[in-house]
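Student: The chain contents come next:
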Amino acid sequence: SQTIHQWPATLVQPVGSPLSLECTVEGTSNPNLYWYRQAAGRGLQLLFYSVGIGQISSEVPQNLSASRPQDRQFILSSKKLLLSDSGFYLCAWSSNRWDSPLHFGNGTRLTVT
Amino acid sequence: GENVEQHPSTLSVQEGDSAVIKCTYSDSASNYFPWYKQELGKRPQLIIDIRSNVGEKKDQRIAVTLNKTAKHFSLHITETQPEDSAVYFCAASIGGADGLTFGKGTHLIIQP
Chain W
1 SQTIHQWPAT
11 LVQPVGSPLS
21 LECTVEGTSN
31 PNLYWYRQAA
41 GRGLQLLFYS
51 VGIGQISSEV
61 PQNLSASRPQ
71 DRQFILSSKK
81 LLLSDSGFYL
91 CAWSSNRWDS
101 PLHFGNGTRL
111 TVT
Chain F
1 GENVEQHPST
11 LSVQEGDSAV
21 IKCTYSDSAS
31 NYFPWYKQEL
41 GKRPQLIIDI
51 RSNVGEKKDQ
61 RIAVTLNKTA
71 KHFSLHITET
81 QPEDSAVYFC
91 AASIGGADGL
101 TFGKGTHLII
111 QP
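In order, the protein sequence lines correspond to chains W and F.
For the first sequence, this note's numbering gives the first residue as 1, with consecutive numbering after it.
For the second sequence, this note's numbering gives the first residue as 1, with consecutive numbering after it.
Check before you lean on any hint, since a few could be wrong.
A short list of chain W residues far from chain F (calculated; beta carbon distances all over 12 Å) [to be verified]:
no.: 1; residue: 13
no.: 2; residue: 20
no.: 3; residue: 54
no.: 4; residue: 86
Selected chain W positions facing chain F (in silico; Cβ < 7 Å) [what the hints assert, rightly or not]:
no.: 5; residue: 8
no.: 6; residue: 10
no.: 7; residue: 101
FYI, nobody ran anything at the bench for these hints, they're computed from the structure.
No residue lacks a Cβ here, since even glycine has one placed at the ideal position from N, Cα and C.
The whole structure should be built from the sequences, with the hints applied where relevant.
Tutor: Structure, rendered in structure tokens:
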């Protein structure tokens, strides 16, 4: 069966520091991969998605970037964090089927101080 | 692009009563409609989904209905229990790689 791992679970970082969140998927090949952000008490905002190695699409202009160095690895990064980057970050995967649901990782709660 | 509206934002029901959450979508090409449940501090988890060629689907106490003409779909939870308390998200997709468009969520509160 497929599993998705995301780490770290929680992170407290000062403003201006770098960020690296990692996500890996097991048990499937060539998944579509996604990064979502959820502000406290709010909905799910799509940040990036990827359909293959090195292919990244950005949904919103922001202080973050994403990379996909391997088929089942997705990384979210920032060079300098802002206070507004605080939130709950969720990695997700889906298959290439038109009716494939998203499967979410456990999330990373990021607090920028 | 697709836009999904979800109502109500908060719903409080007595334990044992039914709860209904409604969503509308804008893109008539949307053909896949999942629902997610998110407990506090946890990840959203798929609870039920429906495809455009089906009008209704049931799974024990949960059911989803779809009206393609009106472009709306609804989640029905019967005999609500305390563990049903959570935030519920509807979503819609046209099957593209950019995934799902989510509603803003409904906070369901089950009163004992």
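Student: A separate judgement is required for each hint: does it hold in the structure or not?
Tutor: Structure-based check of each hint:
1. 13: With a cut-off of 12 Å, residue 13/W remains clear of chain F, as the shortest Cβ separation is near 19 Å.
2. 20: At roughly 20 Å from the nearest Cβ of chain F, residue 20/W sits farther out than 12 Å, so the non-interface label holds.
3. 54: Since the minimum Cβ distance to chain F is about 15 Å, residue 54/W lies beyond 12 Å and the statement holds.
4. 86: Non-interface label on residue 86/W holds, nearest chain F Cβ at 15 Å vs cutoff 12 Å.
5. 8: violated (15 Å)
6. 10: Hint on residue 10/W: violated, closest Cβ of chain F at ~10 Å, above 7 Å.
7. 101: holds (5 Å)
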